[in-house]
Every structure is written in C-alpha cells, then in structure tokens.
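Asker: Residue-level listing of the chains:
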Amino acid sequence: MATELQSRAQPSPLPAAAAGGIVVENVSRAYRGSRGEAVPALADVSVRAARGELVAVVGPSGCGKTTLLELVCRLQSPDSGWIASAPAALMAQRDMLLPWFDAVENAALALRIAGHPRSRARERASALFGELGLEGFQRARPSELSGGMRQRVAFLRTLLSGKEVLCLDEPFGALDAITRGEMQQWLARALQREPRTVLLVTHDVEEAALLADRLVVLSGRPGRVTAELEADIPRPRSATDAAVLALRQRALRSLALSARAEGALA
Amino acid sequence: MATELQSRAQPSPLPAAAAGGIVVENVSRAYRGSRGEAVPALADVSVRAARGELVAVVGPSGCGKTTLLELVCRLQSPDSGWIASAPAALMAQRDMLLPWFDAVENAALALRIAGHPRSRARERASALFGELGLEGFQRARPSELSGGMRQRVAFLRTLLSGKEVLCLDEPFGALDAITRGEMQQWLARALQREPRTVLLVTHDVEEAALLADRLVVLSGRPGRVTAELEADIPRPRSATDAAVLALRQRALRSLALSARAEGALA
Amino acid sequence: MIRARAARALPPTLLLCALLGAWELYVQASQTSAFVLPAPHSVAAALWDNAGLLAGNLAPTAIEVGLGIAAALVLGFVLAVGVHLSPLLRRAVYPLAVGSQAVPIAVIAPLLVFWWGFGIVPKLAVIVLICFFPVLVTTVDGLMASDPEQLKLLRTLDASRWQAFRFAELPAALPAAISGARIALTIAVIGAYIAESQTATTSGHPGLGREINADLTALQTPRAYAAAFVLFAFAIACFYSLALAERWLAPWAAHPRERGAGA
Amino acid sequence: MIRARAARALPPTLLLCALLGAWELYVQASQTSAFVLPAPHSVAAALWDNAGLLAGNLAPTAIEVGLGIAAALVLGFVLAVGVHLSPLLRRAVYPLAVGSQAVPIAVIAPLLVFWWGFGIVPKLAVIVLICFFPVLVTTVDGLMASDPEQLKLLRTLDASRWQAFRFAELPAALPAAISGARIALTIAVIGAYIAESQTATTSGHPGLGREINADLTALQTPRAYAAAFVLFAFAIACFYSLALAERWLAPWAAHPRERGAGA
Amino acid sequence: GSKHDVVSAHSAKPFTLMLDFFPNADHAALYSAIAHGDFRAVGLNVQPQTPAEPADPLKLLAAGRVDMAISYEPELLLARDQGLKLVSVGALVQRPLTSIIALRSARVGRVADLKGKTVGTAGIPYQSAELRTALQAAGVNPASVKEVNVGFNLIPAMLSGKVAATLGGFWNYEAIQLTQMHRHPVTIPVDRAGVPPYDELVLVVRAQDARKRGQDLRAFMQALTRGEREVRADPRAAAALVVKANSSLQLKLQLASIEQTLPATLPSARGRPFGWQDAAAWASFGNWMYTHRLLRRDPARGLPPLTNEFLPGEGI
Ligand SMILES: Nc1ncnc2c1ncn2[C@@H]1O[C@H](COP(=O)(O)OP(=O)(O)OP(=O)(O)O)[C@@H](O)[C@H]1O
Ligand SMILES: Nc1ncnc2c1ncn2[C@@H]1O[C@H](COP(=O)(O)OP(=O)(O)OP(=O)(O)O)[C@@H](O)[C@H]1O
Ligand SMILES: [Mg+2]
Ligand SMILES: [Mg+2]
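Protein chains in written order, with the working numbering: chain S, 1 to 266; chain C, 267 to 532; chain F, 533 to 795; chain W, 796 to 1058; chain H, 1059 to 1374.
Calculated directly from the structure, the hints in this document are not laboratory data. All values reported here derive from a predicted model rather than from experimental measurement. Everything hinted at is true.
DEER-style ranges, computed between Cβ atoms:
1. P306/C / L781/F: 27 to 37 Å
2. V653/F / G1360/H: 42 to 52 Å
3. G402/C / G598/F: 53 to 63 Å
4. A854/W / R1351/H: 45 to 55 Å
5. P306/C / G598/F: 39 to 49 Å
6. E944/W / L585/F: 46 to 56 Å
7. K1071/H / S562/F: 23 to 33 Å
Away from chain F, derived, C-beta distances all over 10 Å, residues of chain S:
8. A38
9. S46
10. G52
11. R124
12. E131
13. L191
14. R193
15. L229
16. A239
17. Q249
Every residue gets a Cβ at the ideal spot worked out from N, C-alpha and C, and that includes glycine.
Chain S extracted, bound-state conformation (with noise of 0.2 Å):
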C-alpha cells in the first residue's frame, strides 16, 4: 500500500503511522488575500484517521474545512506541519460533474481513469444508479439534474474510485432530510462492506453523530481544533439512540463554543 509523505519540513516518521489512514499534524495554512495579504485558514490543526476509521469535521463556515481536504488530497500543501495519508479520493464540496458527459459517464469517470473500457464502467456506474435513487437518468446530461441529484452522482464517482481514504466535503448538503437519511445509512452499509478511512466534513452535528468513530471540531478562522469527541456508539445508530443525542448535543456545545470564542476574539 503506498503511503505518501508530503511535507514543508523536515522528514518525520509519520508514513509508517498512517498505514491506509491519515495523519495530519501540526499543519498551518495561509493564502494570499486580494490584497496581498496572508488569510491564515488553518492554523496548528491536527487530525488522525486510523485505518478504516470515519472521522467528521464540524466548524464554522471558513474555518478551513475544505483547505483541510485539499491538504489531504495534496491539492494544496501546508505552509508548516506533515501530512501523510493513503491515496485520497475528493468529493469536492461543489459537484464538479462535467457538462459535457451524461450522468453515468461522470459517475464512471474514476473507472476510465483507470483504464476500465468505456461500456464496462458506464454498466459499473450504472448498475448503483437505481440504489442512490437516480434509476432512468442515467443519461441525462449535468444541467438537466436537479441540485440534489448532482450530488449524488458526484458522490457515486468519489466511492467508485476505489480510494482506500475518503476525502467528504459536505456530501449530502443538497439532500432533503429523507433521502439524506437513505445515503447516510447506505454509506454506513458500503464502508461495513468494504471498510475505508474517511474523512467527512459535514454542517450537520446529527450527521456527525450517526457516522462518526470520532469528532473534530474546528474553531472559526483560522481553524484550530477545538474539541475531540469520541464516539463509542455502536451500529446500525439511529437518530433517535440517546447515545447519538448525547454526542450530537455535546458537538453542537463544542461548536458552539469555538463560534463565541471567535466572536470574542473579532
């Protein structure tokens, strides 16, 4: 399994540490403002994800969420700090579908990436379509989807590429609450099947909840990791399970926390 390092700094042991997981350490992160200035997005954050773990990021809206995975995904790389990870896959946070493929063919596209012929990874991609609910449109182009639908097909494209870490920029935000609920368990199902690290930033604390082997939450910008949950909750979770509230509650205090002291600090 290739691990690889990627760093600012000097090498550090941390390849071996990840092993089909991720390591984030230390990582800081700024851009360059309109002006010239520095925006720091992330600042000192850690994170790890064993192998097979399911970690989800909460906090505040440009708090560097999406910086984050990108840094991951080695989209990006810190300014200080080491990541090591196993090849990621991004579900980038807007669709990205391709206009100028149908639905399939951008479900399919990590499969022709690979090298699998065209009609084998369309049959691939096509076969899951009725199970995220998206049965008949298969062929219909990007523009002819609705929001929702959009990214469920971007969804479909991250998990076929076979990734062993899974990088989840808010992959369900668009869906209404039932069919929301649809995908969270049949994410919960796909990963008990064939178990893979993920990485999933979400808005919403319940989702976390019902997911999650952990919790980070960040403060507002730059990002800091505010709060470390564990959650011990066995599975299948529901909604409902007191555990699930519990946990929900103590990371909507978490964030809630991190948001004020933001606010303090502005």
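Following the hints, complete the assembly by docking chains C, F, W and H with the ligands onto the known chain S.
Answerer: Here is chains C, F, W and H with the ligands on its own, set in the frame of chain S:
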C-alpha cells in the same frame, strides 16, 4: 404594486388575489429529457403565499422545488395552470456569483442594476458584510471564498434586490449549524423590520419549522402537494420549543410518507 | 421548418439587395469608371455569361480550400495541444508560429515552387500557413482557460496529464477551437486566392484566384468581380456548414440559450 | 526576475538558432540559388547593411499597423456586440462580414485608391478589412457562450438587456475577444504588407511591404528576407505586448493555473 | 527640398503620373526632368505614383485619379477595346522590351529549342499569344510546349531550374541582371521572334484631356524630352536619380540598363522627335492582337489610339 400574470391558458382572476403575494394554481411542468421524452417535474401543484407570509417548501430531492421557484420568478413558463406573483427575486441553489466581480460588487449587483452609483451601492452592501460574518472579505473574489461565505454573499445579493417576493432555494444549505442559526435569526429579524413574502425551499425541516408560517410538503417526482401544515407558533421561536419540535415531527412524517409513496410507485 | 429557413434567409438577402441597389445607384450617379467599380448589373451579366468558366475555376479552388483547411486544422490543433502540454514547446514554438504569420507569401513563394513545383502542394502549403494560426491561438487560449476546479478533481482521481487533457481541457476548449476553425475556414478561401496568385500554375482551369488576376490585368473587371462574388458566396457556404457541424461536435456548447429557458 | 526572463527567452532563441543553422547548411549543401533562398548569413548581412533603411521603412508600416488594428478592434467588437444584441443584425450583417473575407484585396484596391488616394487611408481600410473578422467571430462566440444560469440571475434582478450584457456576457466573452484580438494583431502586420502591396504609393519611405516587393522585383532577395525578418520580429513583439495588456484587461481570466494551486 | 522648391511648388500645377511599375531605368528621363526642374520650368509639379499592379495605371487614369499613366501598348489597346477612352500621347520606349529569356544551362539557343520544354510567363494573355506566335514562327507546335504561369517570379523560376525559359522579362532589365550575375542568358526580344513590333512603354491620357489640356500635355512632353537629353548626356547621374527614387535598385544594373535602352528611346525614323509613335506599326500590332482574339473589335475602326500632336515640333 405590479402583480403580473403568467399563464398558458385563459386569463383568470388570480392577479388580484396575489396582491403582493404568490398564487400558484394547478401548475404542471415537464422537461424534455435527453432522449426527447417528457420528464414531469411538477404535477398539478397549487401553492399560495399571502403578502408578508413565509411559506416553506420541502420535498424529496428532484421533486421540482427549484422548478417551482423558477416558475414563480418567471424564468420558466408552466405547461398548464396559472401563476401570479409580485416581482420576485431568486436566490438560486448554486450561488451564481459572478467571478469577475469581488464580493461586495456581487452583493451590490441588484443596486447597480437599479441604477445606484457604484460607490453608493458598494457602501450599502459593504455595511451588511459584518452582520453576515463576512467582514474583511469585501474585496475577495468569489474563488477566494469558502462555500458558506459564497452562499451568504448570494443571500445578501438577493435581499438587496428589494423585491417584494423572495424565492430562496436552500439559502443556508452550505452553512454549519451555528452560522445557520445566526442567519435564520437574522432573516427573521429582517423580515420583521421589513415584511416580505418569502417562498423558502429547504431540506432542513427544522429550519422550515423555525421560520415558516406554513409548510408545503411535496411528493417525489413529479412533485404534488401532499400536505400543507400551518405553523401558528408565536415568534421568536427556538428549535427547542415544543411546538416547533412537534411541527418538525409532523413535517418529517409527511415527507417520509410522500417519499414512501413515491417508492411504492417506483 | 422550410418557412422558418426562408424567413432566416430574408434579412441578409434584403440587406444584400439594398446594398446592391445603392451600389448600382452610386455607379450610375457618380459615373465611376466600370474598371474601377463595375455596376452590379454588369457583374451579374458577367456572372451569367461566364457561369461555366467560373464553375470550372471554382472546382480547383474548392479542392485547395478543402485539402488546405483540413491540413491547417490538424496542424493548428496538434500544435496547440503540443504547446499546451509542453511549456518548452510553448516557449520555443509559439513565438515562431506568431512570427510566421508576418512573413509575406511573396517572399517564400519562389522557394515553395522550387521545392514542390507547379502542382497543388505549394498552394496547400500557403493555405496551411495562413489558416493554422487562428486555430492555434484560440485552441491554446481555450485550453488554458479550462476550470482549475475540474483539473483538481481529475488530479484526485489520479488522471494522467493526458487524461486530464482528454476529459477536461479538451472538451472545455472545443468551443474556442471551433471559433478558430470558423475563422480559418473563412480565410482559407482568400488563402486559396493568395496561394494561386503567388505560386505558379499550369493552365486549364487554374482556379478562381488566377482567373481574377488574369481578369484584372486584362481589364475584364466585371468578370473579376463576378469571380470575387463566387468566392464571397463560397466563404459564406463554408462558414455556415461548419456551424452545422458544430452542433454535432460540441453539443454541450451549442448555444444553450437556443435550447434552453422555458423549453 | 531578470534571470527568469532570460531563461524564458532561451528556448525560442535556441530553436531559432538551430533553424537558422539548418537553413545555412541546407543552402550550402544544396547550392540553392540565392534568389530562391538566400543563406541566413547573407540575410543577416543585408539586415546589418540596411538597418537604417529598414528602420525607416518599419516606421510607416508600424503606424499603419497601429492605426489599422485600433480601428479593426473597435469595428470587430462593435459589430460583434451589434450582431449579438440584435438577431436581425446577426442574420443580415454576419453573412456579409463572412463573405467580405473572401474578396481579394486586389479586386477592390483600385476603388479604395480611387476614393481615398495615395495616402494612408486606403491602407488602413485594407488592414481593417483583414483584421476585424477574427475579433468579430471570437467575440460573438464568446458572447453566445456565456452561462445561461448567470443570465437567469440577471433576469430575476430585472437587468435590462444592456445590463445583462454589461454585467455578465461582456466579462464572460472578454477572454475570447482577447483571443481574437491576438489573432488580429498578429495578422495586422501581414495586413499592412498586403495593404502596401495592393494600393499605390508615393515614394520616400514607402513601408516595409513596398520595400519587400521592390526588393523582390529587383532580385535583392537577401534584403527582402531581411525586411521580412523585421516584420516577423515586429509581429512577435505585438503579440506579446497584448499578452501583457491582457492581465490588466481581464485579470479573472489570466490563466488561474499560473496564480493558483498551492500558492 | 530647397526654398526654391517650396515657392515653385505653389505656382506649379500638380500633375499626377502613375508609373507602370516600381521606378526603374525606364523612367530615367522622368526622374531626370523632375530633378533638373524641367517640369517646374513649364509650370507642372509632377508627382509619380507607384501602382500595385500593371493594370492599375489605366484604371485609375480612366477613373480620373491620375493625370497620366505609363503603360504598355498592348495594355492600352486592351483598355480601349474594353471601352476606356484613352489615348497614347508619346512613347517612352519605341520597341518591345519583352523577351524570351533562357539560361545557357537550359540549352536553349533559339526559339525552336523550346520544343518539348516548359516556359514560364507572368500569366498575361497577350504574352501567351506572343509565345504562341514565336513558336509558330519557329516551326514549333505550341501544344508541345508547356506554359506555366509563374507570376512575377520569372527569374527565380529559371534559376531554380523549374522552367527552361521565360517570356515576360525585359531585355533591358532581367537579361542584364542575369548577365551581371554571370548566368549568360540567351535573350530573344519578341519582335525578333515573329511578333510585330510595338511601343513597350507609352504615356497615356484620357481622350478628353487630349482635347482640353493640350497645353499641359505639350508642356509635359517638352520637359520630358529635356529630361531624355539629360539622360543621354549623363547616364550615370540619371541612374543615380533612379536609384534615389527606388532604394531597392542597384546603381550598376540601372546604369547598364539605361545605357542599353538609350537606342530604343528614340524613334528609328530619322527626324522624328522623342516620343514619336509610328501609326502604321500600331495598326499592324493592333491587327495582330485582333487576329489572336485578344481584342473583340478591330482597332483599325474607330478613333486612333495614339496622337503625336503634343510632341515638340509636332501638332499646331
Ligand atoms: N483560493 C483562495 N484564496 C484566498 N483565500 C481563500 C481561498 N480559498 C479559501 N480561502 C479562505 O480560506 C478560509 C477557509 O476556506 P475553506 O473553503 O477551507 O472554508 P470551509 O471551512 O470549507 O468553509 P465552508 O464551510 O463555508 O465551506 C476562508 O476564509 C476563505 O476565505
Ligand atoms: N433543464 C432540465 N432539463 C431536463 N430535466 C430537468 C431540467 N431541470 C430539472 N429537470 C428535472 O426536473 C426534476 C425536478 O428538478 P428540480 O431541480 O426542480 O428538483 P428539486 O426539487 O429542486 O431537487 P433538489 O432538492 O435535488 O434540488 C428533476 O427530475 C430533474 O431531473
Ligand atoms: Mg468548505
Ligand atoms: Mg433544487
């Protein structure tokens, strides 16, 4: 006040009834699919919003909510039925910020269009950035904003249009729980100061229960109205109010029912 | 359908008629010499009288345009892809391609004839030299303008450079490339004229370009105008046939507004 | 910075040197007549010996290019906007603009001289005729390709047709228009050559185009090549100065990849 | 220019003259007369213009854009056949300059040697007819010779071995050029190969001007005659003036060209002035063009295409 009528069939006495509000009556709408077949999106939908009312629309993904809003904003015409509405502004599901303008310029777009001089328009929009947690990002380009920040800029742009009717398509979908709560309160206050008619599409039933005067639940594709729930709950509301929780539960049940009905049909 | 088409052809036809009318009036009123500006009616007469000759001369010109543009499109496109994929090529070849556009054909024509003689080859070389450039520029610009977010996506899916090109950059650049092809196709017609003027020909039907030059020196001005009119119409035909082909090549770019909104 | 620039200029310079070397070898080996293909060293000598003359002749040509391209950009752009905003203009004017590209300058040159005499005006007319077209096509295509969702947005904000154009279509089309301007600017140089060749001139410093033709007929082939080389370099300079201007005109389109990713 | 120039430019009448081609040795008399102030002395401010192509001068003359054009006798006859009311008022060169030129390396010594070979022309119809006439006169079937239109690239086409010979180059120009390059051309002027002689370069005006502006034309011819004498007196100075007008030219070649052309600038008939045109020769050349279907109408009918009345000592 200009209330305009849009219809494919004979004229009707609707405009008068709409006066500052929205009347959608027996509207059906089908798209043409990629292979030329009809894709019904809305079937015989009737929705009314009196002047100053906030009507929330919930329904499974792909049931035609976005279509409904575009019909009200006259970006599409119905295949049958009547629609009447005061001039309406649309906040689309995807933020549609213009990449060549900075954040304030995007927010101030409606003011520019209304003929305000550039500096005045920017000033007015800029003043609201702090309230939405965007202070300091006035001159950032859309590509330099996080998903939630983009959404808030788009929201601001819609509000600044000054239209009597607002059609909001999942306005807070990309926001974390805390920021979302703040934005909901902000909207509620803004509507109290300056009442407007709002058609709010949301996939968050709690949000609907918190904000709406009435909830319209749509069935799965093609969307039909399966329930209309009155929300006679005094304001300000809180997510923990018993009435809000009860409404939320009722709405979820209707939603689940309509989703199941759809599943039964499929 | 047919009625709609007829309605579409109406405005340009009307405008053309108006222009021709104004031209006729101007010639009559100003008494301009027919050798500087023949009246439309005498051009029309020349067109009618020489229909066979003009048709015979259109054939070789059309063949030159067809072969030349095909080669130019391929060259322009391949160069664009090369320039896009290789920064080295971009820096080395692109400036030379730009400069090549400023070299008068008259300077290199003797060399072309020296190398390839009197046949069609030097003419095709001229057309290619003139026409590859718009395709090159628009395609390079189109490729550079593709969405960086899409490229990020492809990177996370481990797409190779080539796959990123094929799945994202190429389709995104196609509309721009088609713009370039449109320009190239149109100027291919004048390119053929220049090619015929500047390189040697054996006789027979030497092409419309040669015919125009011969008519001009023989002071057969109305016939030269008639031949130019044939080129004019031919260019329009080429241009609009590409517009048709485009819907098939890049349907997602085929002007969504014409499909969309309310449909 | 300066070092980086020097490094950038290296590949084209090396390639140019390699090409010149190959050319020199070819001429020496094949014993090609200097009147068909002069050797680079004799072109270089001609360049050196006639530096003053060439510079003197570049001046009027550069002025023609400058004025001509300015007028062509304005015409192409205004026509594109007109064609885009008015379906009638689109149907009426666009085909004629396409056809205009196929009319040989030689046919209309006497008319231009008849109208405007021997000065710069008919030359500018020729340059405009040649150069407005790429701008027209790319701008029209760019305007048509703007995002229908953005236009929906503007409609809900009650934007007038003109505002929709100004706030959405125009900025979206600017990169494509710049592509067209790039092509136009490059071919303006050859346009000036054609203009000078095809219209009559009084002497003095008649421009590089005239000079090339006079040199060719006087069999001063190396000097014709030297003059062509000046045009070659001039076109490259024009092209890259527009590339600089572009960053200022349409910063959001200035190749995000160069700013972005990891920066 | 000196102060003197400026003053007289005001008093002198502008007179636009369009050349047949780039300024060259054939225009030596013109540039000499300009440089020596001969035109100004007769009240004309002559401004030469260079055309874009050889057909332009007559067109722009007929359209009234220029006052006089230098053209070729065949071109003038064609123009008149097309209905242009133009007339030649003097001959600058009294014989055909157009020649069949071959390189010695092509092993063409006489017209008959062209049999089975490729000949380059500039694609001008009457020159093709001249080639056919020459071939027939030499007993060669024109069908056995391949004619290639090489435009203005006559010499490069020969030097690159693509054609064995060319018809269209001038014996006083291309041939001298090749000689100076040591390429030893074989030169056969077309009037030595069976084509009736004609005046290669003529001065053409509008017929109406020939009627109304006789004074200007007479003055022009008078000054030009003076210029011609100056050339004769000092060919080297004249060559320098030509080179000054067209910097592409080489002095050595222009001087040789002027010297060799001088015999052809004066009429062969004794006692005739510079510029004299032989009406009989014109008639016979016109007839040749007519019989070769280069003209639609017999030029013998209608008004004469030439007049000598403005030459010094002629006319009224
Ligand atoms: N390309 C960029 N250039 C400059 N600043 C950027 C850029 N991308 C992001 N930022 C800034 O970095 C910060 C973090 O952005 P990021 O997208 O990671 O937030 P996020 O946590 O994903 O927020 P959200 O929940 O709203 O999606 C924001 O303040 C944003 O303005
Ligand atoms: N332009 C189009 N062409 C064809 N079909 C379309 C088009 N737009 C929408 N549809 C179809 O119409 C249906 C309703 O779409 P709409 O976007 O209104 O759904 P929605 O309720 O907004 O869904 P979501 O909650 O996922 O955003 C979907 O099945 C979609 O596939
Ligand atoms: Mg984000
Ligand atoms: Mg929607």
